[in-house]
Structure formats: C-alpha cells, structure tokens
Amino acid sequence: MVLNRNAVYSAISLVLCFFSLAVMYLLLEAYILAVLEIFIYAGAIMVLFLFAIMLLNLGREEALPNLRYLQRALSIFLVVIFFFGILLIMASGPDVLHQPSEKFSAGGIYSLGESLFSKYLLPFEVASLLLLVALIGTVYLAKRKI
Amino acid sequence: MVVPLEHVIAMSMIIFSIGVLGVLIRRNAITIFMSIELMLNAVNLALVGFSRYYNSVDGQVFVFLVMTLAAAEVAVGLAIIIALYRNRQTVNIDEINLMKY
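Chains as they are written, first to last, in my numbering: chain A, 1 to 146; chain B, 1 to 101.
Only chain A is shown next, with the shape it has when bound in the complex (with noise of 0.2 Å):
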C-alpha cells in the first residue's frame, strides 16, 4: 500500500488491508466491531478519502529527485531500527504472556452496549461532542470564502 505511487491503488489496498483487519477481529471474537471496521472504516472512511482523490485529481506522484533517496533511505532504516527496537523490548520483557483464556464472555453486542453506556458514559458523550465539533470545523473549512 505505502510502496505505490498512485493514490487511488493505495486507497483500494487500504480497503483490502481494513476488511483483513475485520477477519481478523472476528478472530479475536470481538464481533460487533468486526461489523463497525467495515461500515466506518471500509464504508464511510474510504469513501472520503476516494472521493477527495477524485476531486484533487490526483496523478501518479512523481519520481524522486536524486538528492532525496539519502532521505529516502534514511527513513526506511529508521523504521526497521523502531520495529526491531520494539521486538526487543518484547522479547526482552517479563515472560507473563500466555494463552488467554478459552471462555471469553466480552464479545458480544450486549456487554459493549452495557459497559459503553454505563462505566464510560462520559467518554462516549464527549466523543459525540468531537464528532459534532468535527462536523463545524469541517463545513467551516470547506467553505470557499470564510
């Protein structure tokens, strides 16, 4: 997906990898946001991000100036340093990692809905709060001559 020049292909992959990332919650038995990745993030995401592609009228990114594949290089070594550095504070940590337990009760709909309006009430009306504050800002930014 990062390796393609052309954004619209990095888009169609980024879809592909978000219905893999479903599988792979269906996986881990949280069910209901299996069903919530694809309608937000397969559904409603991507169909901004395409929609914004189409109306820049992306292209394919240009080809790099020579100067800039040091930089290029440079990045690239950084993220396998970061990516090993993690690896090895994993590998290097306690060992208090083991299977999780068979029964898993916390998959469902019911006890998300139960915790979600219960325990953290408060988050989830601030969360609506930043959707609202995002639809403002949004149709404010949009808007030709503020």
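Treat the hints as calculated values from the structure; they're not laboratory data. Careful: at least some of the hints might be erroneous.
What the hints assert, rightly or not - Only some residues are given here: those of chain A computed to face chain B with a beta carbon under 7 Å:
hint: 1; residue: A30
hint: 2; residue: A91
hint: 3; residue: S92
hint: 4; residue: L130
Unchecked claim - Simulated DEER-style distance windows between Cβ atoms:
hint: 5; chain 1: A; residue 1: V139; chain 2: B; residue 2: N55; range: 41 to 51 Å
hint: 6; chain 1: B; residue 1: V2; chain 2: A; residue 2: F77; range: 33 to 43 Å
hint: 7; chain 1: A; residue 1: F117; chain 2: B; residue 2: R88; range: 40 to 50 Å
hint: 8; chain 1: A; residue 1: A44; chain 2: B; residue 2: D58; range: 17 to 27 Å
hint: 9; chain 1: A; residue 1: L70; chain 2: B; residue 2: D58; range: 43 to 53 Å
hint: 10; chain 1: A; residue 1: L48; chain 2: B; residue 2: D58; range: 20 to 30 Å
hint: 11; chain 1: B; residue 1: D58; chain 2: A; residue 2: A73; range: 36 to 46 Å
hint: 12; chain 1: A; residue 1: V80; chain 2: B; residue 2: E6; range: 16 to 26 Å
Said to hold, decoys possible - Some, not all, of what chain B presents toward chain A, calculated at C-beta under 8 Å:
hint: 13; residue: L69
hint: 14; residue: A70
hint: 15; residue: A79
Yeah, the Cβ is synthetic: ideal placement off N, Cα and C, and Gly gets one too.
The hints should help you fit chain B onto chain A, whose structure is shown.
Only chain B this time, still in chain A's reference frame:
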C-alpha cells in the same frame, strides 16, 4: 481456537511499522493521511487483542472511541487538504513549506 497475544501484538507492530514507513516515504498528503489511518488501526488491533487476553470489554470500548476519533479526524483533515489544494494547487508536502504567504 484461541489466537495467542504475541501473534496479535506482532501483527499490530508490523502494521504500525508499515504506517510509519508510509508517513516517512510518501510525499502525497492524502497517502500520508491514509498511513495515519493504518497506524490507528494497528493500535486498535492491539487493543482488541488485550481485551481478549484480559477477558474484559474495556479495550473494545476504547476501540470504539478511537474509531469515532478517526472519523472526525478524517473529516477535518480532508477538509484541510482540500482547502490547501485550493490555495496552492498541490498536495505535495515538499512544496507546502510555508504556514502563510
């Protein structure tokens, strides 16, 4: 069949690293934005894995909130990118180097 936590975290790490790589090597603002979405999804996967591991629903609530945040972020970010394109006729971040002009 139960997926071990190590595998979930390793997968999450791989996806997160791909996202970081995308942010670092792409120069198209929209592709960078998609890479940020990928990183958010990697964190979501780790949260769901821990929720499964600790047999608790809290992680899934956080994933729910992160999804809300991602939706809001995408709306605002794409609006900013479109406003930027309207002013500068480009979304290449190498050419966008002034805050105001």
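Status of the hints after comparison with the structure:
The closest approach between the C-beta of A30/A and any C-beta of chain B is roughly 5 Å, which is under the 7 Å cut-off, so the hint is satisfied. With its C-beta approaching chain B no nearer than about 10 Å, A91/A sits outside the 7 Å limit, and its interface hint is violated. The interface hint given for S92/A is violated, since its Cβ lies 14 Å from the closest Cβ of chain B, which is over the 7 Å cut-off. With a cut of 7 Å, the hint placing L130/A at the interface with chain B holds, because the nearest CB-to-CB distance is about 5 Å.
The hinted window of 41 to 51 Å between V139/A and N55/B holds, with their beta carbons roughly 43 Å apart. For the pair V2/B and F77/A, the beta carbons lie near 37 Å from each other, so the given range of 33 to 43 Å is met. In this structure the supplied range 40 to 50 Å holds for F117/A paired with R88/B, their Cβ-Cβ distance being about 45 Å. In this structure, A44/A and D58/B meet the distance hint of 17 to 27 Å, their C-beta atoms being roughly 25 Å apart.
For the pair L70/A and D58/B, the beta carbons lie near 45 Å from each other, so the given range of 43 to 53 Å is met. For the pair L48/A and D58/B, the beta carbons lie near 29 Å from each other, so the given range of 20 to 30 Å is met. Checked against the given bound of 36 to 46 Å, the beta carbons of D58/B and A73/A, roughly 41 Å apart, stay inside it. With their beta carbons about 20 Å apart, V80/A and E6/B fall inside the hinted range of 16 to 26 Å.
At a threshold of 8 Å, the smallest CB-CB gap from L69/B to chain A is about 7 Å, leaving the interface hint in force. The interface hint given for A70/B is met, as the beta carbon of that residue sits about 7 Å from the closest beta carbon of chain A, less than 8 Å. Using the Cβ-Cβ criterion of 8 Å, the hint placing A79/B at the interface with chain A is satisfied: the shortest such distance is roughly 4 Å.
Checked against the numbered hints listed earlier, the structure breaks hints 2 and 3; every other hint is satisfied.
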